[in-house]
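Let's have the full structure, built from the sequences with the hints guiding it.
Numbered as in the UniProt record's numbering, the sequence shown ends at 545 without a single skipped number.
Since the hints were made in silico from the structure, they are not lab data. Fair warning: this is a prediction, and the values are worked out from it, not measured in the lab. Don't be surprised by glycine CBs; every beta carbon is placed ideally from N, CA and C. Be careful, since some hints might not be right.
What the hints assert, rightly or not - Estimated spans, in silico, between C-beta atoms of each pair:
hint, residue 1, residue 2, range
1, Glu210, Arg294, 33 to 43 Å
2, Ser147, Thr38, 41 to 51 Å
3, Asn234, Leu123, 24 to 34 Å
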Amino acid sequence: MQTIAKAVDLIDDIKKSPLKYRIERVSKIYDKTGNLETEFMVWRTKYEILYEKEFLNIITDFHKKLMEKASTRPSFKNIQSYKEFYNRLINVNKNIHTIYIEIMNVLEVEFIQRDALTFQKELFRVLKEEVIMASYTGVDINEKKLSNTLDSIEELFKNFYENLDVGKYKESWESLLKIDQALIFMIELLDSIPYIISTIQNAVPKQLIELKNKYVTFGAKNKKLKFNATKYSNLEETIDKLRIKIKEELLKLQYKKAYKWLNDIFENIESFKEMLEEEDTIKTFFENKIDNIRNIYLSLSDSIFTMYKKFMEYEIGSKYQSEEKILFEKTKQNFLYNKSEAEKIIADVDIAINRGTSLDFPNLKSKLQNVLKETLKDIEDIEKAAKLLNKKSINVDSILNQVIFIKSCLNQCNVKIKQYKSIIELSKFIEPIDELLISISKFSPNIIQKVTSVEQRLVINSQVDDLLKQATELITNLNDTIFLDFISQEIIIYLERYVGIINDIDKVIYNCESYFKNRNLEQLIGYSLDVLGKIKKAKLSQKGK
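What follows is the structure in structure tokens.
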């Protein structure tokens with residue numbers, strides 16, 4: 001009896017399955033869009049087989065069994081028969097569930113979107129109520145524009161349902177995102193309007209009254225009263241203009257732009273406070289430091305003038321200005337302009353301090369900061385120009401030092417020729433040395449120091465470099481000749497140590513001496529290499545023993 005009851009309950013569950021409605025939903029999507037054609041055909045066919053054949057056959061057979069007189073007796077045969085019916089029903093129900101899950105996986109996006117929209121619809125209802133309440137609070141907003149905004153959101157809801165009903169999930173999702181953005185805009189708008197209105201009607205006027213009492217009505221000294229009053233009047237005028245802009249933006253529902261202008265109001269208030277509160281500090285700074293600033297510019301002016309004279313000395317005869325001079329001239333002009341601007345500020349400060357009058361010291365501070373920044377750049381450029389100028393000076397000294405160096409080297413060569421007068425090959429160097437000494441003597445200190453143009457200095461530098469190369473080559477050859485004579489004599493001395501030790505060494509020594517006497521030194525060295533190799537091998541063999 002339990003199996004029969006369970007089978008009856010399962011039959012009822014199968015009949016109540018929502019699969020039929022999901023098949024109808026897919027059928028509607030297919031009819032409207034042509035989407036899910038293959039899936040729809042498969043699911044419909046499976047549904048028909050399950051319900052119109054398998055399920056119907058089971059119910060028919062189950063009913064026949066129940067109509068039998070002995071069907072309810074607790075016999076083994078009856079129990080097995082009803083279990084069989086129950087298992088068939090379980091199999092049908094399992095297949096129904098499988099198809100249902102497959103359809104739900106496809107339609108999952110739809111249900112997610114429907115759930116999301118349920119929340120948004122409720123939120124939109126609440127926002128519309130807040131809009132109605134705002135219209136009764138006297139907030140000055142463009143009701144027509146606000147109404148149009150609400151209508152556009154309603155239209156988005158309508159578009160969402162239209163796309164969702166026909167299975168256009170991508171389009172419905174886009175509508176959902178637009179609804180979300182529109183609702184965020186409405187929330188921020190309804191939160192912002194009361195705050196902005198309250199701020200410009202209450203908080204800002206309160207701050208202005210506090211500033212006026214502190215800096216104009218009660219707190220200002222007589223000599224600063226006019227200055228403070230003027231600045232306060234300017235502040236009020238600026239804030240009034242910004243209030244108008246804020247109201248205009250709120251009328252257009254542009255709350256973000258309204259926030260921007262509101263921030264400008266607070267920035268202007270802070271700037272006003274900082275300007276007046278810092279004025280005494282800045283004034284003290286000017287009184288204590290103005291002489292230092294003046295002296296800095298005087299010192300820089302002296303440096304510029306000194307450098308200018310130096311450049312004139314080095315380039316007085318030049319046909320064109322060097323890159324260094326062009327850079328210096330540009331730096332000089334910039335510096336003179338910045339110096340003039342600084343002097344204007346210093347003059348204003350001097351007059352105000354001497355007369356005891358008020359000045360816009362914060363504004364002067366800002367101007368002086370800009371001028372000093374530019375002056376710092378000028379100083380960097382002056383340092384660059386000074387380094388380049390120093391290089392010019394070094395170039396002249398370098399040429400003089402090179403001339404002295406060449407002369408010294410050539411004189412040392414003459415000394416070596418006298419010292420090694422036995423080396424007859426050195427005589428060939430006497431004439432080239434004399435010629436180089438004559439050539440280098442043309443570049444006397446008086447002549448080099450008189451050179452002022454860049455072109456002349458480059459020509460002389462090139463000529464001296466050429467003489468240096470010639471001198472270097474001559475010195476190298478002379479030293480090689482001396483060394484060749486020395487090493488030849490050393491080879492003969494070395495070979496004499498092995499007389500009686502190395503076979504035929506006497507003959508080798510005799511031939512080497514003959515080569516040396518005839519001044520065939522290179523042949524001597526080449527000839528001796530063979531016997532020198534034998535000596536080396538002999539020494540190695542002895543060490544091995």
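Hints violated by the structure (listed by number, smallest first): 3
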